[in-house]
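J.: Please build the complete structure, drawing on both the sequences and the hints.
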Amino acid sequence: MENRKDILLRTYLVFIGIGIFCLFVLGKAIIIQTKEGKYWKAMSDSAHLRYEIIESERGTIYSEDGQMLSTSVPEFDIYVDFMAEGLRDKNGALFKKYIDSLAIGLSDLFNDKSAADYRKELLNNYKSKKRYALLKRKISYVQHEDLKKLPLVKMGKNKSGFISVVRMKRLYPFESMAKRTIGLARDSNKVGLERQYDGSLSGTTGSRLVRYIAGGAGVPVEGTEMDPSDGSDLMTTLDVGIQEAAQNALNKMMVGNEAERGTCIVMEVKTGKVKAIANLGKISEGVYAENFNYAIQLSEPGSTFKLVTILSVLEDKLATLNTPVNLEGGRWNIAGQTVFDSEIHGLHQSNLKVAFERSSNVGMAKLVYNYYYNQPSRFIKHIQKLHLDSLTGIDIPGEGKPRIYKPGTNHWSKTTLPWMSFGYNLTVTPMHTAMLYNAVANNGVMVRPYLVNAIVKDGEVLKKFDPVVLDSNITSKQTIADLKECLEGVVLNGTAKSLASKDYSFAAKTGTALVADKGITYKDKVYQSSFAGYFPANDPQYTIVVVIRNKKHAAKFYGGSVAGPVFRDVADQIYATHIRKQLQKNFDGEDSVKYVASATVNTLAGVFSNLKYGNSDSNASVLADVQISKGKNPELHKRSRSKGLMPSLIGLGLKDAIAICEENQLKVTFSGAGKVREQSVDAGINLKTINNIHLVLR
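Residue numbers (UniProt numbering): 1 to 698.
Read the hints as simulated data drawn from the structure, not as lab findings.
Please note that the accuracy of each hint is not assured.
Cross-link-like lysine-lysine pairs, in silico, DSSO-like; alpha carbons within 30 Å at most [to be verified]:
1) Lys463 <-> Lys406
2) Lys127 <-> Lys149
3) Lys113 <-> Lys169
4) Lys113 <-> Lys97
5) Lys136 <-> Lys159
6) Lys457 <-> Lys252
7) Lys190 <-> Lys464
8) Lys130 <-> Lys169
9) Lys401 <-> Lys463
10) Lys157 <-> Lys90
11) Lys157 <-> Lys129
12) Lys154 <-> Lys130
13) Lys688 <-> Lys675
14) Lys113 <-> Lys129
15) Lys551 <-> Lys523
16) Lys497 <-> Lys552
17) Lys138 <-> Lys90
18) Lys667 <-> Lys643
19) Lys120 <-> Lys136
20) Lys502 <-> Lys381
21) Lys169 <-> Lys317
22) Lys484 <-> Lys518
23) Lys130 <-> Lys157
24) Lys655 <-> Lys643
25) Lys270 <-> Lys463
26) Lys169 <-> Lys127
27) Lys113 <-> Lys159
28) Lys497 <-> Lys414
29) Lys129 <-> Lys270
30) Lys525 <-> Lys551
31) Lys463 <-> Lys484
32) Lys113 <-> Lys127
33) Lys96 <-> Lys190
34) Lys169 <-> Lys464
T.: Structure, rendered in structure tokens:
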């Protein structure tokens, strides 16, 4: 009995407790509804509503001739509000009317689902009354424009429920070309011009209120947008044609020599405008990409620095071009160390000019040792005057500051100065080398290299960048004349003799430096090949510097055989596309020089229809040369040709050359453009002994 009473008591207490709790919950609900409703509603809204930044449209980066190098394009996320008034009005009459044609249109536009699948998706979301259902992410501007033409969608978002959320995507039309110079507009760690001029390119952001719903989707609240201010455009100094020539020539040599990395800089002599910077690094076997800006990274320059050595002794009037220099056969001992020339050539008595042309380390070291050993600061002052101890100031971030040792410091020793004379015991960037050689080409006027001509917005120039003269006179006119003579001598008589051109003259210096840095020792035999110069030598227009880091124990590593051909290829392209065209445009007088055109008789007869050339030949592939001289009528001379023997194709255009070869059952391959300058099978070879021929055009 007592147990029964005890159980009932406990049961009553539980029921009373539950009743009190229910009354408490009911009371709290009434309080929330009547007194705290506005507060909690605001808290709910704040949890689902937030302001988001609207990115401004980033400015476009253009080449000097107006081609887009980097630009922003819009892409869109598409949502559908299935509770939109237009979709629900009259029991969904519009939706039911257009769902089939809309599904077909979406399937045709995006080509990712069938029309039946799109119809099913639209219908399910409509039945579920989804407020902001995601339909498609990251569609292009063209797709977005086509989307707006589809049934129902073209009626506008109030009736269709379709909502577009736009975001900007950075696009690089030329992909990897000049990638490290133009830069990358990443959210973090921008590089190149994209970073240097980020403030101008980025503009001012806007904002909008966004409502977030289940699933994490966010949709803008209409009427809350604050529009952004778009960024300005950059008009650069880069030339797409020259950049392409530099990149192709550099890549060709890098692949062929299995090099590690390299750079090629092209600068306009008078202004300092950088027309091209190619930077290639090895990313896998035989594959190279613009992975780092090597043009502004430090390294020991090697023999291209010898220009500073002879400038110093000439300007200080310590020597002339004819001053005797004993080259010691190519080997010289000093302070317990040995200076070696690149080859033990056996030469002894020479002079300053020949020592420079032969790129003698011994010659340069002896000059500096004899004239500056007791006054090294005098030599260092020349380096400082040439701005080789400070940043060039080029308008891209990341430039390395040169390392120049000075007397009295811990790094200074008895051999520091002699080794500096031929480009060791100091570091500069390839851009410094370009600036130095450009100053010589510019008759002693040193200009700062730069990459941007102007900042422009809506067609209005906000800021214009003009050439900046760093030094109007780096040395005397006589010294400049002597330096030019030495640089031209390198091409005519010295280490770059094999690269001389018949079409134009150029002045240059080769460089080969043994590398020891970042885990590489001199025993690894890693060489850096350099070539620096300008052209045409008689009227300099462009300066080109090529620096290539070779693989360990590379069979080919001299500057003249690795970097030199890159210089020559780029110079050939620029001469053909820029300088020669300008010369032809400026020429307005009679040409007294004999002109020779070579082709087949058939081709020439078509071009010179009124030309009388003696007996006709039924064979249209007979070769002939047309000669035109001042004051004379055109003359046609057939080439003698023996049946069954390989003819000379030199001077022919590709079309005629191929016709001749195919007539003789030869398989043809070719490289270059223009007229045939070389043929792999010499004229006079029996045609029965050959099947293939390679033609080099220029």
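J.: All the hints need checking, so say for each whether the structure fits it.
T.: Here is what the structure says about each hint:
For a cut-off of 30 Å, the pair hint linking Lys463 to Lys406 is broken: about 40 Å separates their Cα positions. Proximity of Lys127 to Lys149 is assessed by CA-CA distance (about 25 Å); at most 30 Å being required, the pair is judged to hold. Restraint check: the Cα-Cα separation between Lys113 and Lys169 comes to about 25 Å, which is no more than 30 Å; the hinted pair holds. Of the pairs offered as hints, the one joining Lys113 and Lys97 holds, with about 21 Å between alpha carbons and a cut-off of 30 Å not exceeded.
Taking the CA atoms of Lys136 and Lys159, the gap is about 19 Å. The hint holds against a cut of 30 Å. Proximity of Lys457 to Lys252 is assessed by CA-CA distance (about 39 Å); at most 30 Å being required, the pair is judged violated. Restraint check: the Cα-Cα separation between Lys190 and Lys464 comes to about 23 Å, which is no more than 30 Å; the hinted pair holds. Restraint check: the Cα-Cα separation between Lys130 and Lys169 comes to about 29 Å, which is no more than 30 Å; the hinted pair holds.
For a cut-off of 30 Å, the pair hint linking Lys401 to Lys463 stands: about 27 Å separates their Cα positions. Taken as a hint, the Lys157 and Lys90 pair is honoured in the structure, with Cα atoms around 17 Å apart against an allowance of 30 Å. Under the criterion of a C-alpha separation no larger than 30 Å, the hint pairing Lys157 with Lys129 is consistent with the structure, at around 16 Å. Restraint check: the Cα-Cα separation between Lys154 and Lys130 comes to about 21 Å, which is no more than 30 Å; the hinted pair holds.
Restraint check for Lys688 and Lys675: satisfied, since their Cα atoms lie roughly 26 Å apart, inside the 30 Å limit. Note on Lys113 and Lys129: the hinted pairing holds, with a Cα-Cα distance of about 22 Å set against a maximum of 30 Å. Of the supplied pair hints, the one linking Lys551 and Lys523 holds, its CA atoms being roughly 13 Å apart against a limit of 30 Å. Restraint check for Lys497 and Lys552: satisfied, since their Cα atoms lie roughly 27 Å apart, inside the 30 Å limit.
The straight-line distance between the Cα atoms of Lys138 and Lys90 is roughly 33 Å, outside the 30 Å bound, and the hint therefore fails. Under the criterion of a C-alpha separation no larger than 30 Å, the hint pairing Lys667 with Lys643 is consistent with the structure, at around 19 Å. A distance of roughly 15 Å separates the Cα atoms of Lys120 and Lys136; the hinted pair therefore holds under the 30 Å criterion. Proximity of Lys502 to Lys381 is assessed by CA-CA distance (about 39 Å); at most 30 Å being required, the pair is judged violated.
Only pairs whose Cα atoms come within 30 Å are accepted, and Lys169 paired with Lys317 is rejected, the gap being roughly 60 Å. Among the hinted pairs, Lys484 with Lys518 is inconsistent with the structure: their alpha-carbon atoms are about 36 Å apart, more than 30 Å. Between Lys130 and Lys157 the alpha-carbon distance is near 15 Å, which keeps this suggested pair within the 30 Å criterion. About 21 Å separates the Cα atoms of Lys655 and Lys643, which keeps this hinted pair within 30 Å; it holds.
The straight-line distance between the Cα atoms of Lys270 and Lys463 is roughly 21 Å, inside the 30 Å bound, and the hint therefore holds. Among the hinted pairs, Lys169 with Lys127 is inconsistent with the structure: their alpha-carbon atoms are about 35 Å apart, more than 30 Å. About 24 Å separates the Cα atoms of Lys113 and Lys159, which keeps this hinted pair within 30 Å; it holds. Using a Cα cut-off of 30 Å, the hinted pair Lys497 and Lys414 is violated, with the two alpha carbons roughly 35 Å apart.
Between the alpha carbons of Lys129 and Lys270 the distance comes to roughly 69 Å, so the proposed pair goes past 30 Å and is violated. Taken as a hint, the Lys525 and Lys551 pair is honoured in the structure, with Cα atoms around 8 Å apart against an allowance of 30 Å. Simply put, Lys463 and Lys484 have alpha-carbon atoms about 36 Å apart, too far for the 30 Å limit, and the pair is violated. Using a Cα cut-off of 30 Å, the hinted pair Lys113 and Lys127 holds, with the two alpha carbons roughly 20 Å apart.
Distance check on the hinted pair: Lys96 and Lys190 sit about 50 Å apart at the alpha-carbon level, beyond 30 Å; violated. Simply put, Lys169 and Lys464 have alpha-carbon atoms about 28 Å apart, close enough for the 30 Å limit, and the pair holds.
In this structure, the hints that do not hold are numbers 1, 6, 17, 20, 21, 22, 26, 28, 29, 31, 33, in rising order.
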